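*Asks:* Residue numbers (numbering that gives the first Met the number 0), protein chains in the order written: chain A, 0 to 237; chain B, 0 to 319.
Treat the hints loosely; a few may be bogus.
Said to hold, decoys possible - Subject to a maximum C-alpha distance of 25 Å in a straight line, what follows is the list of computed BS3-like cross-link-like pairs (lysine-lysine):
#1 K69(B) - K69(A)
#2 K57(A) - K69(A)
#3 K114(B) - K127(A)
#4 K114(B) - K123(A)
#5 K189(B) - K57(A)
#6 K191(B) - K123(A)
#7 K69(A) - K114(B)
#8 K127(A) - K191(B)
#9 K139(B) - K69(B)
Unchecked claim - Counterexamples of contact, computed for chain B against chain A with all Cβ distances above 10 Å:
#10 S75
#11 K139
#12 M209
Stated by the list, open to error - Computed far set for chain B versus chain A, every beta-carbon distance over 12 Å:
#13 A2
#14 G210
#15 V211
#16 I213
In short, the hints are calculated from the structure, not lab data. Bear in mind the structure is a predicted one, so any value in this text is a computation, not a measurement. The beta-carbon is built from N, C-alpha and C at its ideal position, and this holds for glycine as well.
Okay, here's what each chain looks like letter by letter:
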Amino acid sequence: MMLQVNDAVVRYGAITALHGITFEINQGEIVTLLGANGAGKSTTLRMLSGLHAPATGKIIFEGQDITNTKAHQFVALGIAHVPEGRRIFPQMTVEENLEMGAFTRSGSFSDDMDRMYETFPILKERRKQLGGNLSGGEQQMLAIGRALMGSPRLLLLDEPSMGLAPMIVETIFRIIGEIRDSGTTVLVVEQNAAQALRLADRGYVMENGRIVFSDKASNLLHDERVRAVYLGESVEGT
Amino acid sequence: MGAFGHYLSAHFATLRLEFWGLLVGGLANGFIYAMVAIGYTLVYGVLRLINFAHSEIFMSGGFASYFVMKAIIGTSVPSGLASVGLVILGILVGGTASAGMALLLERVAYRPLRKRHAPKLAYLISAIGASYFLFNLAGKEFGRYNLSIPSPYINHTVFTIFGANVQMYYIVILIAGVIMFVTLDRIVAKTKLGRSIRAVAQDAETASLMGVNIDRTIALTFIIGGIFGGAGGFLFGLGSGVVYTMGFTPALKAFTAAVLGGIGNLRGAVIGGLILGVAESFSIAFVQAAFIDVVAFAILLLILLFRPTGILGERLGRSA
Ligand SMILES: Nc1ncnc2c1ncn2[C@@H]1O[C@H](COP(=O)(O)OP(=O)(O)OP(=O)(O)O)[C@@H](O)[C@H]1O
Ligand SMILES: [Mg+2]
């Protein structure tokens, strides 16, 4: 087991956002986290990158207790987070943004840089442009590329398809598959449940800060409860 | 030509006559303002708050360099290489003392508030309290009269441009200023340290996801601001002496310079400082010396009214 979260509670002041969640992620999987707005999906990812330490509970990553590890120490541990809304550094160039992803690495990382430009040719074209001037899709690719520059073993993706045109969404999902195939484990939060479930190995469904059920993704895709609430029309056309 | 016309033409004649002298003096003062303005702008860039205790950071460098210069130079008259070494030493001592003071203020007056997510007003009160405490402490410990820093060089006229005398004092400031600001510009644009400061300024939380230690980066901006402020304290003290209230007016002017250039913008702080220094200097041709300070604050009011983002706008995040 790569990551084990045990009965984790996260609070924002008086508000409890996670009421003791327990789940795990195995090496090499794509796991998806589904849930309505405000269910606590982003909070879960933020907890897994040190932005909000759990009030109680435990997080074990590769056998190591990381419950109280600080956010800036996570990249070095091997966990990278692509935050909700991409959060590109708007006044840095594409290249500088990628370099930020490798901030904690010492030595040369030009090979990885080349590999990012191979995976995302558009970023190579835009190398010298400011991050803030990219389109939404380009920013999402940059955010993913930036996270990969830290050579993570676990990649956390928060709604990577949000606000993007269907064709770009296809590309993003294809790349997520490639990332897993190259050996990086992926935890992806998605509104786009049908597509996420088709890509993922397993899924967890959250409601009001709790994990209400989980299963193999192929089962969830046909689960009545999931179809009713999260898939709606989107599953029809497939 | 009316009476006002005569007034103007007489004063423009003075301006023409003294132009080069006023320009050099104005640029030198401007560099000192810029050195202090850097501290405001850096801290604003990462914390979005004005460090109103920066005047006392400036003062600390002035006093520290005064004591060291007094101990080393005493009543001797250094020249040549010794002068160069002493000026560099003065800048280093002033910079180190102020950096230490800045770091202390960050730890004592700001970090506790930051950890508690205090409202902006709390920082302001904390800063003003720290500032009062520090300058009154200095007044109590070092006396309430002006102390002259023993000069590390003979302040002769080094050369004349178009009849204006350019003194050693100005040359020292101009050289120090250019070297310091070019170095800072390169550090911010090209080094990992600079990149971490820019990242925190643009999006602190995301910077931490990249592995940037936010607390350390904030402390570093205080240190850099302190180094520049302390160098300014020494160079200012060389011309005007040091006293416990010495920070008040230069710091307000440096703040004006930072706002003029665009608060949060490093190059803006330099441009703002130089413009302010030169504007003050030239206004000597038009108003009595006693009114010079009014010029700076008139400029501050005008920018706040008409272009609150300053000349270059707010963009610490940018490499250029
Ligand atoms: N900074 C915050 N302060 C207070 N409450 C917060 C904060 N961030 C999130 N919350 C609350 O915590 C709960 C979970 O929020 P979270 O952002 O994790 O949901 P989410 O599942 O990611 O939703 P979405 O699909 O809208 O992104 C919500 O009730 C939200 O209002
Ligand atoms: Mg969310």
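*Asks:* Does each hint fit the structure? Answer for all of them.
*Replies:* For each hint, the structure was consulted:
1. K69(B) - K69(A): 47 Å, violated
2. K57(A) - K69(A): 14 Å, holds
3. K114(B) - K127(A): 37 Å, violated
4. K114(B) - K123(A): Distance of about 40 Å is beyond 25 Å: violated.
5. K189(B) - K57(A): Not satisfied, since the Cα-Cα distance of roughly 40 Å exceeds 25 Å.
6. K191(B) - K123(A): 22 Å, holds
7. K69(A) - K114(B): Between K69(A) and K114(B) the Cα gap is close to 14 Å, so the pair holds against 25 Å.
8. K127(A) - K191(B): Measuring from Cα to Cα gives roughly 18 Å; hence the hint holds.
9. K139(B) - K69(B): Since the Cα atoms of K139(B) and K69(B) sit roughly 19 Å apart, the hinted pair holds (cutoff 25 Å).
10. S75: Holds, because the least Cβ-Cβ distance between S75(B) and chain A comes to about 48 Å, which exceeds 10 Å.
11. K139: 41 Å, holds
12. M209: 5 Å, violated
13. A2: At roughly 52 Å from the nearest Cβ of chain A, A2(B) sits farther out than 12 Å, so the non-interface label holds.
14. G210: 4 Å, violated
15. V211: The assertion about V211(B) is violated, with a minimum of 6 Å to chain A.
16. I213: 7 Å, violated
Hints 1, 3, 4, 5, 12, 14, 15 and 16 from the earlier list are contradicted by this structure; the remaining hints agree with it.
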